[in-house]
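*Asks:* Single-letter residue listing:
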Amino acid sequence: MNKIERRKFIKLGLYSTAGVLCGSLFAFSKIEQDANVDNYEALLKFDWGFLVDTTRCIGCGACVRACKIENNVPESYFRTWVERYEIDKNGNIRVDSPKGAIESFKTDNFQSEDIVKAFFVPKLCNHCYDSACTQVCPVGATYETPDKVVLIDKERCVGCGYCVQACPYGCRYIDHEKGVADKCTLCYHRIQKGEAPACVNACPRSARIFGNLKDPKSKIRRILDQRRYGQLKPDLGTNPKCFYIGLDKEVV
Amino acid sequence: MLKDKKHIIAIFSVIIIIIFIGVIAGIFFSPESFGKYGHYRWNANNENASLKMVNQNINTCKECHESIYQLHEKDAHYSVPCVDCHGAGNLHVEFHKSGDSTNISAKQLAVMPKEFDFEGCLYCHRKLKARPADFPQVNQEEHYKFLHITDSKTKCIECHNPHEPIFLLTDVKQSRIHPIINRCTECHSKNPEKSFKEVSDHPAIFECKDCHKEVVNDFNQKPHHKYIDCRTCHLYHKENETTGRIYKNGNAKFCLLCHEKKPFKDEKYPPKIDWPSHIGNLSILQKSDEKICLSCHSEQIHKMDLKVKENPHPKNWRPEHKDFAKEKPEMCKRCHTTNECASCHLKNKPQTHNDSWLKGHSIAGEKNKTSCDFCHKQNSCNSCHKVVMPHPKGFDELHKEVVSQKGREVCMKCHKENFCGQCH
Amino acid sequence: MIESANGFVFPNEMHVTWTVMIVLYPYITGMVAGAFIVSSFYHVFGMEKLKPIAKFALVSSFAFLCFATVPLLNHLGSPQRAFNIMLTPNFSSAMSGFGFVYSFYMIIVILEIWFCYREEFIEKYTNSGNVLKKIYYLLLLGNTVQNENTRKYDRKIVVFLAGFGIPVACILHGYVGFLFGSIKANLWWSTPLMFIIFIFSAIVSGLSVLIFLYQLIHWMRKKEIDQRCYELMAKWLWGFMIIAVILELMEILSISYENTERWAVLKQLINGKLWISYVVMQIGLFSIVPFLMLTFTSLLKLNNRIKNILIFCSSGMLLLQVLFMRWNVVIGGQLVSKSMRGFTEYFPGYFDKEGIIVSVIIILVPFLMLRLFDSIFPFFHKKKVRRIFFSEYE
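Protein chains in written order, with this note's numbering: chain H, 1 to 252; chain D, 253 to 676; chain E, 677 to 1070.
None of these hints come from the bench; they were simulated from the model.
Certain hints may be false.
Partner residues are not named here, just some residues of chain D that face chain E (Cβ under 8 Å, in silico) [what the hints assert, rightly or not]:
| id | residue |
| --- | --- |
| 1 | His259 |
| 2 | Ile267 |
| 3 | Ile268 |
| 4 | Gly646 |
Where is the CB? At the ideal position from N, CA and C, for every residue including glycine.
Model the full structure from these sequences, guided by the hints.
*Replies:* Next up, the structure:
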């Protein structure tokens, strides 16, 4: 009695697994057809880079506002923001970014006469070559596109927040509404259509420059070849791809 | 022995089956296009790339708003994209491109924010230490105090047109590079950019008066020098890091920023005018001239080389100016000094018209009638002579009738008693 | 420069990403791993004194293991996709192995329980009727054969599983430590010592929860405990807590001695936001006090009653110490801004999805589960316990 039942059970199991296998094979064969390899190879020609000229930034926050609207960023999170650094004559430093500077800045933090050096630093995802967030994503939802943009697959992301912890630049956040991690995409939907990212499009001072690092004629390449620039937290080995002109030692 | 191990085999086979089912389910549920070009779902790339664009490019705006685009392109805000003030514009573009004007809700959504409040301008132009010093920025309180604006709620757009905020005479992109930058290489062997990116940080090595001595000295004599300096009108700032650009300014709208009468401004100071009634119907002024103020007021600023295009007065002005001068003497004074009248008029008369003039004026009149016409109207002869003066052709034959109608007295004013007897 | 930092945090850091749920997860897995290791002391290392608690340790490990993922699932942004971690694991991520380690460990624990309790299942199967009989039949996979041979095989397999389970338990929990310790972006976490600290604190929490429950259950059931077993566990607890606390302090010491920029920030953290929960509670009250109490009970001759009370109290305090330690690690690390110029605030909220009420429920449910398990897998063999007890004193 027992033996027969068990045999039946095993048989059933085998049949069902075979069925599942066949089904899955069928499903897979279907998918293989609509591959767009050309697209992949076309993208390999690009390596999107970002350059921020901090000496030109006026801290107006137009980039932050444009980004919010473009990407429907939740209220209290930011894909890009502007920081202000103010150093007074005694060497005190104050850094602030009220609401990510979405409404710009209202007043100087020190007495205006006391400030010896002050500047704005726009921040955004660095789209690192060796990004910590891509490394730590447990499900392969964060990935690097062939054109070297770090993106999130919102269909796969489980929202564990490990990438948020791993990003040394504080560029990531969990979108609680969608339950997934999110961050700057360099406006991937725009750059694929030949447009500049929303923040670059909105910048009234051309402080943000965007372009293809693989193209020797691109503006970003030309500037990078001519001028001295820095990266954020280079010691962490993330190899960030957002370059800053006029970076101060205080900026982290 | 084997019989006693059966339960072990059973439990392990259950575990293995579970694992196997798990693996199969894993294959079954693993997403399509995963791992194609790396450890990710390739289709996600297309999903990310196919999102809708929200912020519009300035070129899209240009397609319909060409005239505003041209205006905007010329002035200092040329680098400020439309989206910064007017919002993203995707709904606007969508609605107007769809051509479906019946969709009222879409129409409402398509309205772009036009009015830009105070705060909006201050996002960029509020005075902050962290802003690059050469970037135009205002402390609102000081700015209003300087301009004697009494209403502190006055919006920026009352004076500044956001599309052409500083009314440059030269297209910002074609503005002249000030030749001083050619001297940068004297110190900076190659690019002048190297050491001081901020023009304002650069130690002063020259002043305007070094080269433009005459103009600056002249300017310092004039009342304006107390309130503004050279750079107020001639903006000197960097375009990209290497070039200093200079603008010739002096646009009418620029002058009006201070001098136009507006309800929110102090009435008396600085001197205010009504615009455009100030220039009235003066045909001497070309209303389209951007330097319209300077065509009269240049003296109050500094010497400048203004090209006077043509005589402002119409051809028959001489005879008419008497009446005009009586009616609106102040209008003449805008251009002419009282000495100028004296160059022709001695107490309202030309110098030639002395006391003995009346006796001999017929000789001058016969010689060159047109010179009379400069001042005198045709009927001014009539007032004394009662006949057309000087006598027109064929008067010889007509004079009989004139004498019979108007009497001999009319003729006797000029002609002697025996004049008739010369023929008759 | 850092002294004058005025609390700048990146705008996205205003909200702490890993909430109190992520505090609970290592806390619960810590107890899982600790309890399992204790049970293995008996099964593998043959510590006969620990026999009375071995099965209890195993079952409680299982009870906690069942609920270990609950706080994680509650915290996940998209819990419905939780299985993605096993479908498309990205092996460059420390977290990707979680699903496999967890299920592997689950299998080991289930198998060990199955083999341990097979005898009892058969006994119950023969004694009970109707529905219960069918359930036990299913549990036994339809095999009710029992003789000397089967018992011998079962015991062998249990030893094997228990031995194999120790590294897996260590991996399961040390791995959580590694998860934190390997984040280079976080000043407070990033240390290779982290996973060692986690393993030792796991054993501490496992031992204390066993001691605590053992005493509590016996008090509630008004039964005598096995004094030798109890004291041995107390001694183990004493030893492991010393190692755990020393490791934690050594880590702080070495950071402070290196005196890099990192210490400048962490100093402010310890003296500021973590002063109460870290210095006062974790190190002061809940480490030093139980250490002293356990020192007394381990070294001095005391009345059993007093001794048991002291051990019971110190085990309770150490349970809290480990909870505080988890809080200080998980939350403390996130309070430090990555800008190194400021600190965020965090309070879980009372009624939030990841608030205090929910956390208390999540903490308590495994204990209720344990009570339920007691009726299926009775962990204190009533007769035997009594027999040992009497044999000792008669």
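*Asks:* Double-check Ile268 of chain D for me: the hint is only fine if its C-beta lies closer than 8 Å to a C-beta in chain E.
*Replies:* 10 Å, violated
*Asks:* Under 8 Å is the threshold here; is the Cβ of His259 of chain D close enough to any Cβ of chain E for the hint to stand?
*Replies:* 4 Å, holds
*Asks:* Have a go at the Gly646 of chain D hint: is there a Cβ in chain E nearer than 8 Å to its own Cβ?
*Replies:* 100 Å, violated
*Asks:* Using Cβ atoms only, decide whether Ile267 of chain D comes closer than 8 Å to chain E, and label the hint accordingly.
*Replies:* Holds: closest Cβ of chain E sits about 6 Å from Ile267 of chain D, inside 8 Å.
The structure fails hints 3 and 4 (numbered hints given earlier, in ascending order).
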